[in-house]
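The lines below spell out each chain.
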Amino acid sequence: MRRIWKLFLLELLLEIRNKSIIASLLLFQVCLVMINYFALGMLPESKIASVWSALFWITLLSVSVNVITKSFSSERLGRGIYLYSIVSGVEVIFSKIIYGFLISLFVSVVGFILFASILSNPIQDYKLFLLTLCLVSYGLSASLSILSAIASKTKNSNVIMAVLSFPVVISIILEAIQITKNCIDGLDMSASYDEIILLSAINILVTSVSYLLFPYIWRS
Amino acid sequence: MKKSWWKIVGVMLVGYSMVGGIIFEVPRLAIVNETIRALYFHVPMWFCMVFMFFISLVYSIKYLRNPTLNFDSKAVEFANTGIIFGLLGIVTGMIWANYTWGSPWHGDPKQNGAAITLLVYLAYSILRQSLPNPDQRARLSGVYNIFAFTTMIPMIFIIPRLSSSMHPGSGGNPGFNMYDLDYQMRMVFYPAVIGWILLGIWVATLRVRIKSADMKIINIEYEKNR
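Chains as they are written, first to last, in the working numbering: chain W, 7 to 226; chain U, 3 to 228.
No lab work stands behind these hints: they were computed from the structure.
Treat the hints with caution; some may be incorrect.
[Claimed, not checked] Here are the computed lysine-lysine pairs in the BS3-like style, where the Cα-Cα straight-line distance is at most 30 Å:
# : chain 1 : residue 1 : chain 2 : residue 2
1 : U       : Lys64     : W       : Lys159
2 : W       : Lys159    : W       : Lys76
3 : W       : Lys159    : U       : Lys218
4 : U       : Lys5      : W       : Lys161
5 : U       : Lys9      : W       : Lys161
Predicted, not measured: the structure shown is a model, and the values here were computed from it.
Take the sequences, apply the hints, and build the full model.
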């Protein structure tokens, strides 16, 4: 357990000292929000509310996928072998999932603040929305980490990563959009229980599959 | 002949289901009327697809525990056969939908779920193509096969059931108890499912044999030219 924490701290320290990934992705996010604003800013507020959900999740998805896939593709060969001799695969994948989750959550919250301030803010139930952001960040992190581990071994890994990741994120985003719609409509939290349970189930399923399968990927 | 009895049984069952599907009587239900006969062709495709993907999963697991390339080629060929059945299922569904729902593609959750399932396994093929080393290819695609099956197939079947769908019997099981299948329909339906599954296994095993024959030819050529 301590090893997972140490590995996570390693990733975090590397990121803080060398802010390349988080800075570039925050900039990317700001650019996307700007584009959304230019495209839609002149519409009346009611029209924005109907597309807000779609734009938000598209922006969030592209930024999150980029941020999580960088976690494996930036591994240099020597470091990989060094880590292999010290720690087991399970610890590596858990530290990467947790790190990806926190980064993705940070990016999502920043994205939401940007969206809410620049475009209008139709969300009425903040707690539920925050819960959705947490669940989606974890789900994306868990599923994309193991897929980027697979894709990083291939030749043209970016294309492969996009192809492999699309179906997995579809089911997560589908539920998230449904919950967002409930948030915008101002429904009670109990109306979204089905989707929340489904998202949690997806998270648990993906985590357990990653835990079981990662050692096989890591051997080479 | 002794070892191929099941192939003949498969062909006969499919032939029987085709003939019986057109000739036997079917119960009349609202909206679907006579097109309920498409049940004999559309639903067995999905059963076959899931069955093929399941066998592919089993061989992937077997490969990861005991790395022999034979398991890997079986896994990929069963997955390919499953993709074909999936495509056939979507096409038959579109034909059926055209007559009952009015247009071939309605954005129905089950249709979308089926399309996403096919995308998952097409991604599997693309992943295999981009890995040149055979052992690495077998290992990584085996891992992706397990990941894809265990996370996607349940999701694709559960999510449409939760949301309202135009498919008959949504909210219930995907195949059975759909129309109060009376015994007349069951008499054609179950043999159809078994027949198509047997045909699918035959096609997949043929492809595996072709692949291993190709490998042998390549090896012999290589030995000759050394």
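To see whether the hints hold, each was checked on the structure:
no.: 1; hint: U:Lys64 with W:Lys159; verdict: holds, 22 Å
no.: 2; hint: W:Lys159 with W:Lys76; verdict: holds, 13 Å
no.: 3; hint: W:Lys159 with U:Lys218; verdict: holds, 28 Å
no.: 4; hint: U:Lys5 with W:Lys161; verdict: violated, 43 Å
no.: 5; hint: U:Lys9 with W:Lys161; verdict: violated, 41 Å
In summary, the numbered hints that this structure violates are 4 and 5.
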